[in-house]
Amino acid sequence: MSKVVASAIAGALSLTSAGGLTMVQALDRDTVTFSVDGVSEQGKVKPGTVKQALAQHGITVGPHDDVQPSLDSEIHDGQVITVNYGRRVVVTIDGKKVVRWTTAKNVSEVLDQLNQSDPDNLVSVSRSLDISRTGLSFSMQTAKDVTVTAGGKTQKVSAVGTVADALKAAKISVDSNDVSKPGLGTPLADGMKITLTMVDQKSQKRRVAVPFSTKRVENPSMAKGATEIATKGVKGTNEETWTVVYKDGKKVSEKKVSTKVVKAPVTQVVKVGTKKAESSSASSRSNSRSRSNSGSTSNAGSRSNSGSASNPVTSGSTCVASTYGEGDGTAGGPTASGETFDPSALTAASRTLPLGSTIRVTNVNNGRTVTVRINDRGPYVGGRCLDLSTAAMNAIAPGQGLVTVRYS
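Here the sequence shown is numbered in the working numbering, starting from 32 and rising by one per residue.
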């Protein structure tokens, strides 16, 4: 019995010893903290390397992932293993594509790594956007330093995009008439010089005088060449609309776009005599026959004294008359009555007689008489009372410049 008990006890001790060793081995574990993309978790792993610890915990890493400490480092109890997964990021900067593997968690961190954190840069996504393990693609336009000149003033601005964006950054309002060089849609470049010409179009209304026209009407009851204003002309008024163009505040052009009649002009109507004057020889013969038939005793003397017209003025004012019109530059000029001076018409100028009145003028030396219409003022020479037109003077004193006359 003693041998059996001894054997049993020995066997039990042997089993206990063997079992004790197995339990010790089973309890030989290190406590490790795994931090994966910022999320921490503790685990028990067998002694070994970081790579083995990650494998025991089911964490797979690749060549673009960042592991600290390195995969071949031996772990120890209380070890912290940090894993930051790599992400494939594609950034198109000003049209140029950049591909990068990064452990950055959001867009802002990627921009920091690319040295593109300027707040003026225009990014197609939010800077705070998280980047998943599948990666991210986005674009960015960098701010450009440009010079803007508008309205004679120059300033420097930093802007992203096109010329239009630079003008907006400079707080310059642009309308459809303004002209930008380069054009508004031109992409910005560092050092670019932008010039904006401010073009304004304004509508203006103007009142303008409209000259009247003249209509000449023949009158057979008036002596040939004589004129008389039947209807006095009156200027009209038009309202014109003009478009005026200004560039940078300076007027550069204007164009009339419409005309509205405010008051139509009144046409001046002028009567023009067409009655032929009686010739001097016919008048002399007529007067001679008249005197012969009346029983005159001296026909020759009667013809000599009667001149070229009948019914001479025997009473009225007597004075010296001069002549004007032929060769002195007054022909075709304006008269005091507003008509054009015609030396061939039977007219005269007087300082006092009413314009438009008619008088009979007799050469006191030969008795010749002519009827004239006052249409002008003068003469302004002492001792003279009338200034006869060339035709009127030739009717009573051909070829003479001064003659004593009686008129009424």
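Treat the hints loosely; a few may be bogus.
Straight-line alpha carbon distances no greater than 25 angstroms define the calculated DMTMM-like cross-link-like pairs of lysine to aspartate or glutamate that follow [unchecked claim]:
{"id": "1", "residue 1": "Lys187", "residue 2": "Asp161"}
{"id": "2", "residue 1": "Lys136", "residue 2": "Asp176"}
{"id": "3", "residue 1": "Lys199", "residue 2": "Asp151"}
{"id": "4", "residue 1": "Lys255", "residue 2": "Glu271"}
{"id": "5", "residue 1": "Lys294", "residue 2": "Glu271"}
{"id": "6", "residue 1": "Lys307", "residue 2": "Glu271"}
{"id": "7", "residue 1": "Lys128", "residue 2": "Glu72"}
{"id": "8", "residue 1": "Lys127", "residue 2": "Glu72"}
Since the hints were made in silico from the structure, they are not lab data.
Outcome of the hint check:
no.	hint	result
1	Lys187 - Asp161	35 angstroms, violated
2	Lys136 - Asp176	31 angstroms, violated
3	Lys199 - Asp151	14 angstroms, holds
4	Lys255 - Glu271	43 angstroms, violated
5	Lys294 - Glu271	13 angstroms, holds
6	Lys307 - Glu271	48 angstroms, violated
7	Lys128 - Glu72	38 angstroms, violated
8	Lys127 - Glu72	41 angstroms, violated
Violated hints, listed in ascending order, are 1, 2, 4, 6, 7 and 8; each of the other numbered hints is respected by the structure.
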